[in-house]
Amino acid sequence: MSSLTQYTDLYRQTAAKIDANSAPVLNALRPAALEALDRAGRLPLPSDEGFEKTSIEEMYAPDFGLNPDRLPIEADIAATFRCDVPNLSTLLALVVNDRFVPTSTLIKNLPEGVTVCSLREAALNHPDLVAKYYGRLAPLDVPGVALNTLLCQEGVFIHVGAGVRLHKPLQLVNIFSARFPFMAPRRILLVAEDGAEVQLLKCDHTQTPGVKYLSSEVVEIYAGAGARIGWYDLEESSAETARYSQFYLRQERDSHFDSCTATLCNGSTRNEYNIDVVGNGCHTLLAGMAIGTGSQHVDNNSQLTHRSEHSSSRQLFKYVLDDRATGAFEGSIEVAHGARFTEAYQSNRNILASRDARMHTKPQLLIYNDDVKCSHGATTGQLDAEALFYMQTRGIPMKEARRMLMQAFLVDVIDAISLEQLRDRLRHMVENRFSGDHTTCTTCRNNPASKI
Amino acid sequence: MDKDILLKVSGLRAKVENKEILRGIDLEIHPGEVHAIMGPNGSGKSTLSGVLAGDPAYTVTGGSAIFHGINLLELSPEDRSHEGLFLSFQYPVEIPGVSMVNFMRAAVNAKREYFHEAPLSAGEFLKLMRAKRAIVELDNKLASRSVNEGFSGGEKKRNEIFQMAVLEPRLAILDETDSGLDIDALRVVAGGVNKLKTDRNATIVITHYQRLLDYIKPDFVHVLYKGRIVRTGGPELALELEERGYDWIKELEDNK
Amino acid sequence: MENKPKNIPESTDDIIGDVTGSEYKYGFVTDVETDRIPVGLSEEVIRLISHKKGEPDWLLDFRLKAYRYWLTLTPPHWGHLNIPDFDYQAISYYAAPGKKKAPGSLDEIDPEIRDTFNRLGIPLEEQKHLAGMAVDAVMDSVSVKTTHREALAEKGIIFCSISEAVKDFPDLVRKYLGSVVSYKDNFYAALNSAVFSDGSFVYIPKGVRCPMELSTYFRINASGTGQFERTLIIADDDAYVSYLEGCTAPMRDENQLHAAIVEIVVEDRAEVKYSTVQNWYAGDAEGRGGVYNLVTKRGLCRGDYSKLSWTQVETGSAITWKYPSCVLAGRGSTGEFYSVAVTRNHQQADTGTKMIHLAPDTRSTIVSKGISAGYSENSYRGQVKVTPAAEGARNYTQCDSLLLGSNCGAHTFPYIDVMNPTAIVEHEATTSKISEDQLFYCNQRGIPTEEAIGLIVNGYAKEVMNKLPMEFAVEAQKLLQITLEGSVG
Numbered sequence: 014m015s016s017l018t019q020y021t022d023l024y025r026q027t028a029a030k031i032d033a034n035s036a037p038v039l040n041a042l043r044p045a046a047l048e049a050l051d052r053a054g055r056l057p058l059p060s061d062e063g064f065e066k067t068s069i070e071e072m073y074a075p076d077f078g079l080n081p082d083r084l085p086i087e088a089d090i091a092a093t094f095r096c097d098v099p100n101l102s103t104l105l106a107l108v109v110n111d112r113f114v115p116t117s118t119l120i121k122n123l124p125e126g127v128t129v130c131s132l133r134e135a136a137l138n139h140p141d142l143v144a145k146y147y148g149r150l151a152p153l154d155v156p157g158v159a160l161n162t163l164l165c166q167e168g169v170f171i172h173v174g175a176g177v178r179l180h181k182p183l184q185l186v187n188i189f190s191a192r193f194p195f196m197a198p199r200r201i202l203l204v205a206e207d208g209a210e211v212q213l214l215k216c217d218h219t220q221t222p223g224v225k226y227l228s229s230e231v232v233e234i235y236a237g238a239g240a241r242i243g244w245y246d247l248e249e250s251s252a253e254t255a256r257y258s259q260f261y262l263r264q265e266r267d268s269h270f271d272s273c274t275a276t277l278c279n280g281s282t283r284n285e286y287n288i289d290v291v292g293n294g295c296h297t298l299l300a301g302m303a304i305g306t307g308s309q310h311v312d313n314n315s316q317l318t319h320r321s322e323h324s325s326s327r328q329l330f331k332y333v334l335d336d337r338a339t340g341a342f343e344g345s346i347e348v349a350h351g352a353r354f355t356e357a358y359q360s361n362r363n364i365l366a367s368r369d370a371r372m373h374t375k376p377q378l379l380i381y382n383d384d385v386k387c388s389h390g391a392t393t394g395q396l397d398a399e400a401l402f403y404m405q406t407r408g409i410p411m412k413e414a415r416r417m418l419m420q421a422f423l424v425d426v427i428d429a430i431s432l433e434q435l436r437d438r439l440r441h442m443v444e445n446r447f448s449g450d451h452t453t454c455t456t457c458r459n460n461p462a463s464k465i
Numbered sequence: 131m132d133k134d135i136l137l138k139v140s141g142l143r144a145k146v147e148n149k150e151i152l153r154g155i156d157l158e159i160h161p162g163e164v165h166a167i168m169g170p171n172g173s174g175k176s177t178l179s180g181v182l183a184g185d186p187a188y189t190v191t192g193g194s195a196i197f198h199g200i201n202l203l204e205l206s207p208e209d210r211s212h213e214g215l216f217l218s219f220q221y222p223v224e225i226p227g228v229s230m231v232n233f234m235r236a237a238v239n240a241k242r243e244y245f246h247e248a249p250l251s252a253g254e255f256l257k258l259m260r261a262k263r264a265i266v267e268l269d270n271k272l273a274s275r276s277v278n279e280g281f282s283g284g285e286k287k288r289n290e291i292f293q294m295a296v297l298e299p300r301l302a303i304l305d306e307t308d309s310g311l312d313i314d315a316l317r318v319v320a321g322g323v324n325k326l327k328t329d330r331n332a333t334i335v336i337t338h339y340q341r342l343l344d345y346i347k348p349d350f351v352h353v354l355y356k357g358r359i360v361r362t363g364g365p366e367l368a369l370e371l372e373e374r375g376y377d378w379i380k381e382l383e384d385n386k
Numbered sequence: 014m015e016n017k018p019k020n021i022p023e024s025t026d027d028i029i030g031d032v033t034g035s036e037y038k039y040g041f042v043t044d045v046e047t048d049r050i051p052v053g054l055s056e057e058v059i060r061l062i063s064h065k066k067g068e069p070d071w072l073l074d075f076r077l078k079a080y081r082y083w084l085t086l087t088p089p090h091w092g093h094l095n096i097p098d099f100d101y102q103a104i105s106y107y108a109a110p111g112k113k114k115a116p117g118s119l120d121e122i123d124p125e126i127r128d129t130f131n132r133l134g135i136p137l138e139e140q141k142h143l144a145g146m147a148v149d150a151v152m153d154s155v156s157v158k159t160t161h162r163e164a165l166a167e168k169g170i171i172f173c174s175i176s177e178a179v180k181d182f183p184d185l186v187r188k189y190l191g192s193v194v195s196y197k198d199n200f201y202a203a204l205n206s207a208v209f210s211d212g213s214f215v216y217i218p219k220g221v222r223c224p225m226e227l228s229t230y231f232r233i234n235a236s237g238t239g240q241f242e243r244t245l246i247i248a249d250d251d252a253y254v255s256y257l258e259g260c261t262a263p264m265r266d267e268n269q270l271h272a273a274i275v276e277i278v279v280e281d282r283a284e285v286k287y288s289t290v291q292n293w294y295a296g297d298a299e300g301r302g303g304v305y306n307l308v309t310k311r312g313l314c315r316g317d318y319s320k321l322s323w324t325q326v327e328t329g330s331a332i333t334w335k336y337p338s339c340v341l342a343g344r345g346s347t348g349e350f351y352s353v354a355v356t357r358n359h360q361q362a363d364t365g366t367k368m369i370h371l372a373p374d375t376r377s378t379i380v381s382k383g384i385s386a387g388y389s390e391n392s393y394r395g396q397v398k399v400t401p402a403a404e405g406a407r408n409y410t411q412c413d414s415l416l417l418g419s420n421c422g423a424h425t426f427p428y429i430d431v432m433n434p435t436a437i438v439e440h441e442a443t444t445s446k447i448s449e450d451q452l453f454y455c456n457q458r459g460i461p462t463e464e465a466i467g468l469i470v471n472g473y474a475k476e477v478m479n480k481l482p483m484e485f486a487v488e489a490q491k492l493l494q495i496t497l498e499g500s501v502g
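Protein chains in written order, with this note's numbering: chain A, 14 to 465; chain B, 131 to 386; chain C, 14 to 502.
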């Protein structure tokens with residue numbers, strides 16, 4: 014029997030409660046989601062194209078609890094979690110499991126024309142606005158999306174009005190905190206109207222390691238004409254945390270989207286990026302890194318479609334895998350008919366640091382137009398032996414030389430981040446990760462990392 | 131044990147991928163000396179420097195190398211470095227993503243740790259870098275770049291001598307340091323080497339040409355051929371080689 | 014003076030409109046009596062084929078097993094191809110031209126057939142033939158002539174049709190048949206194993222370098238048939254052979270099926286070079302007719318330091334589904350794949366390779382050059398797998414796509430699995446079009462656009478063309494030029 018059944022059964026039993034604790038706009042999509050799930054019958058398996066190394070069925074198999082009644086769950090929010098980025102002042106909000114918790118600084122400092130609130134609240138206060146965007150990018154015929162849509166009650170809503178530029182980055186800290194296995198249907202809807210500018214830093218943490226968690230996350234982002242969006246996603250969870258993140262972005266003309274996803278510490282992670290470049294003159298940057306030790310698993314899957322002219326995209330994903338860690342990367346660039354003067358590049362570079370680490374790579378190009386410049390490259394190998402020897406002759410011990418090279422290997426992913434303070438922070442976190450120190454933000458006390 | 135001997139190499143043999151390159155090298159170096167090792171292409175010059183520095187590409191098949199009383203061949207490459215052996219690479223390796231500053235700080239502090247000394251503070255370290263940079267007129271900008279990445283040929287060699295200045299070795303091996311250098315760069319590099327020379331350290335200059343020896347005056351000149359030192363003399367031997375080439379030595383040796 | 018600085022047509026459509034494709038010069042039909050069994054596929058048909066060929070029981074068993082397995086399968090749909098449903102009961106699985114007995118001398122060959130091969134540029138008379146090449150000529154289901162056999166036999170080399178090999182060297186055939194490509198491998202392999210008609214058999218004994226190129230020329234002639242040949246090449250320790258394969262078919266409105274199997278076994282330190290120039294009829298400009306080329310080719314580098322090199326120039330067929338692969342099982346063995354695939358009009362090609370690294374120090378190189386024009390779809394699909402035992406394995410893959418026109422598609426689907434940390438695997442792919450600067454430069458030097466494109470494309474494909482044996486390279490180059498004539502813009 015499919016893992017899906019426990020969730021659809023649960024929904025059937027608690028539909029009234031789920032609806033009552035959510036908003037009509039969100040509830041409106043649930044019947045179609047249920048229908049899509051019944052049709053699909055199951056979640057993706059490794060025998061499905063694109064899921065070769067990650068079984069979503071398995072990820073969803075444990076008997077996770079949900080919180081349809083929206084009971085408050087204890088979390089030591091203020092004391093434990095303040096994901097500090099030195100010298101960077103952010104507008105902070107938290108999501109505890111799947112509950113949105115704004116901070117007073119956020120509420121006080123939000124400039125005019127910017128809304129950051131729970132999606133439920135937005136759907137109650139501005140139903141037309143939310144209905145215009147909610148569930149329009151993430152299709153229900155994708156089982157993960159349908160399941161998220163079926164169960165999501167709260168979510169996060171970010172709206173940046175036309176021409177509004179948000180100078181301080183928003184920071185969204187996702188925290189898992191529970192005493193029993195828990196699944197959080199997380200949802201983010203970000204709308205940047207024409208000419209808007211916003212940067213978002215998202216950190217995923219697990220506060221109580223040793224407990225199984227599953228984050229089912231669906232992100233929908235609209236980039237209006239000329240909008241500029243920065244999206245930085247840091248995962249530092251626990252070995253017991255599973256994350257299935259599905260990301261949908263639509264870019265109108267002249268919009269810029271920069272992103273970096275860093276999986277520094279996790280259990281099992283699957284990130285899907287679906288990017289639809291519909292307007293001319295867009296720029297897209299998708300960067301990602303993964304550091305895997307123990308039996309961590311990281312799978313990034315990107316599908317980028319260019320439908321318009323004069324757009325450019327760059328993708329860069331790098332993995333360092335040690336111990337029994339496994340990695341997968343699948344990326345496809347599609348250049349549609351008529352998408353002339355497209356420049357699209359994709360690169361996936363990996364280092365296997367141990368005998369038992371595994372990497373699976375599948376970069377793809379689908380090109381339907383001749384006036385394009387496209388390339389992709391993938392390499393999997395080990396640290397440069399010559400460089401190691403050179404460093405040793407200068408007295409740097411082998412272990413340290415290896416660490417320095419691994420860190421150096423990830424430098425260009427970090428450099429792709431446009432926020433300088435975040436760049437420094439991430440560099441430091443990567444350094445700590447490789448040194449085997451605690452990897453979490455300076456004030457987080459959890460998440461011990463294994464040594465590389 | 132003769133305390134005055136810095137390095138004593140006896141009957142050293144080594145191979146790479148089953149091919150024997152060094153076939154019994156004997157060499158004795160005292161503090162304050164400059165030794166030049168010359169020889170035609172493929173005679174084993176770079177192999178000798180690689181073997182002394184511990185390059186894992188080579189396998190030692192016989193003989194010994196005693197470095198101020200320590201069995202060099204038993205040490206890891208980094209411990210050889212700590213003990214005072216420095217190799218200036220013929221082709222310095224580019225290490226993208228590792229800045230010169232981080233690279234040298236790691237090197238200096240690893241050595242200090244080896245001798246149970248506290249690591250240098252950031253301020254002390256930068257002061258040291260500044261002081262040593264002057265010796266080879268190395269541009270400050272290079273320090274912030276990745277190791278050797280995008281350096282010109284001359285900058286790479288200057289960078290090697292700069293590292294040598296920072297690490298203050300007891301024995302420096304300069305492997306074809308003159309290759310790819312124009313005359314001005316050669317003068318700067320050689321000037322740096324000479325400034326670092328004391329009566330307590332020694333230098334091995336590996337070169338194909340006499341040119342470098344005009345700037346770094348050798349006390350002894352050895353000719354390496356087919357994995358053996360076939361001739362040893364004073365500076366005049368280098369001049370003779372410059373004039374007559376290597377063919378006469380090849381002939382003499384091949385007809386033995 | 015007309016203000017038209019570049020000799021480039023106004024639009025791609027103009028050029029494509031101008032040309033309905035250059036003439037397929039091998040599209041004639043030979044009027045020859047054909048011995049053909051009724052259409053349809055059943056156990057009875059397989060028994061009949063086996064009986065006609067006078068086969069031993071073990072081979073009939075092999076066929077029947079394959080057939081029964083095939084019945085359980087459905088055609089694969091993972092390719093980036095639109096393969097129309099094919100009625101496997103609507104064609105005849107055995108067609109033999111002319112006399113029913115294999116001819117022993119040239120006099121016994123039907124003059125029509127001899128003439129056919131002459132028109133194809135493959136003279137069956139040894140004295141007329143290129144001295145450095147022995148040819149096995151296969152028309153429809155049977156081998157009509159193998160040249161230079163005696164000269165080869167002196168060195169102990171066996172080069173004959175596989176039907177003869179079954180009779181004359183049953184132990185060798187039985188030992189190796191199906192050992193590299195199992196009948197369970199895939200839908201088309203199962204079909205081939207059930208109904209295969211003829212093909213070539215090559216055995217190079219220990220220590221022998223085959224003194225001439227061995228070549229098989231495949232020709233589909235009869236209508237309402239398919240071609241299901243099977244080739245088996247064995248290079249024993251320290252042997253060397255270079256093998257060439259060429260193919261053409263008449264122009265017909267119907268789609269003809271070609272489902273072949275090639276199996277190669279390479280023993281210690283032996284080397285096999287396998288070159289293909291595939292020019293099956295591709296269908297007309299509207300995409301009517303043409304051969305469905307669905308083949309399974311695989312070599313097993315069983316011996317230490319053995320080497321297998323595939324080179325292919327693919328210009329024909331309506332649909333190509335083909336992945337010549339290397340299983341690198343011997344220590345230090347090497348696999349190579351060099352491919353040029355040209356598609357135009359409505360052709361579809363999904364082709365590439367698999368490099369399976371099973372042993373330490375194995376090496377593989379993949380160079381794939383795709384050229385798409387018209388409304389065609391051209392995909393590279395390849396797998397590089399490094400298993401945990403393949404210490405120090407290396408792979409380098411380079412896939413380039415060139416698009417001529419904006420209605421075609423060029424795709425790249427590499428699958429890379431690395432399970433050993435000492436392996437180094439590199440994959441690079443680019444997609445581009447011919448640069449206007451290059452064209453203008455050629456124009457300025459007086460070279461017309463069409464010719465310039467030919468030049469540039471040949472330059473682009475050169476890396477692969479250079480891997481072909483010389484006689485073949487010239488042919489392939491001409492073929493490339495003709496194929497692209499007018500279909501570009």
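Since the hints were derived computationally from the structure, they do not count as laboratory data. Keep in mind that the hints are not guaranteed to be accurate.
Straight-line distance between alpha carbons at most 25 Å, and here's what the computed DMTMM-like set of lysine to aspartate or glutamate pairs gives [to be verified]: (1) 386/A / 476/C; (2) 219/C / 317/C; (3) 145/B / 399/A.
Against the structure, the hints:
no. : hint          : verdict
1   : 386/A / 476/C : holds (21 Å)
2   : 219/C / 317/C : holds (14 Å)
3   : 145/B / 399/A : holds (18 Å)
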